[in-house]
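Using the sequences provided together with the hints, build the complete structure.
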Amino acid sequence: MQTKLKWDPKVLEPVFKELYGLAMDGKKDFIPLFYNVATSVKDTESYNGAGGEGLLEEWGYSNNQVAYEDVEELWQKYIKNRKFSLGRIIERDFVDDLKLTEIKRRITSLADAVYKTQQLQAVEFLNNGFVTQGANWRGRLDSYAGPDGKALFASDHPLSPTNSSDTQSNLGNKPLTLDSWDETAVAMQEWADDRGNPMAVIPDTLIVAPYNARPAFKIAGLPDADLPKYEPGSNNFDANMYMGNIKVIVNPFISPTNRKNWYAADSSRMKDLNIWQNRRKIENGSITDFDTEVSKFKAIGRWAYGFLNYSFIYGHKVTD
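Each position in the sequence shown, counted from 1, maps to that position plus 15 in this note's numbering.
Please note that a few of the clues may not be correct.
The calculated label-pair distances, taken between Cβ atoms and stated as ranges, are [unchecked claim]:
1. Leu-71 to Gly-102: 26 to 36 Å
2. Asp-58 to Val-81: 38 to 48 Å
3. Lys-313 to Ile-46: 13 to 23 Å
4. Gly-41 to Gly-154: 25 to 35 Å
5. Thr-59 to Trp-22: 36 to 46 Å
6. Lys-189 to Pro-225: 18 to 28 Å
7. Asp-58 to Leu-37: 31 to 41 Å
8. Val-81 to Met-39: 47 to 57 Å
9. Asn-212 to Arg-274: 36 to 46 Å
10. Leu-135 to Pro-29: 25 to 35 Å
11. Lys-189 to Thr-116: 45 to 55 Å
12. Gly-41 to Ala-207: 17 to 27 Å
13. Ile-264 to Lys-296: 34 to 44 Å
It is worth saying that the hints were derived from the structure and are not from the lab.
For each residue, glycine too, the CB sits at the ideal point set by N, CA and C.
Written as structure tokens, this is what we have:
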């Protein structure tokens, strides 16, 4: 930051942007861990759900020719981009009097607000995953129903729009232990698609709030740690088959009211089925006002987020 500022937009804006950029450096971004981050080119993006791919047919059973099958359409999902903004006002007297600390504080706090907003939005699919309506990052009621009309975590997800009688569950209520992870992982790997074939889900990611970090790492092991691979709490030195094969994501933005909840995910499917779309990435700009002698610095952007299908994750709502 310059040691002497001038009340000149050509001087102020690059200084403000530099302070904003410095404040954003080093902040952990969970969005790429949870979402398929895509560029949006429209006001609203439409995603067509596709059913099971089917299986290859033996040549002789298809009349010695290529066997063709249609893939059933599942539920369509519309994700509408929304516009978000926040700004800070810097009085001219702050610039004239070189109140650098106050100027820095205001710009830094704007960067913090942008970061926290997006990170809180990014975990809404977890915080509100057990309901079809819940409080958003601002505390306002919002819809969180999936394309099938169910909450993300439900015991009765229909297999397809034309088959609502056959259902599957990705909802549990067990505290996080090695046994409950084991049961959940098995249940996910037994999921079938709308044709009755295995989905081939591979649960490789454990998502928790800080409250559950300790049991999570007991199950998964510490990254890059050369530790005995025994089951936690075992007196028989039983081998822990999961150690080193599970990635743990500890997210401090999960609501404290959900601190005991935990989530098993297939990271590959999560990147396909959980969408974060940027229509206009966060932009910064400033303008000085002649009459009020203030400089306004803003952060503004357009984006949206949502999931296309439940089959990337299993959630446990723990109330004990």
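Check your understanding: Which numbered hints are broken by the structure, listed smallest first?
Key -> Those not satisfied are hints 1, 12 and 13.
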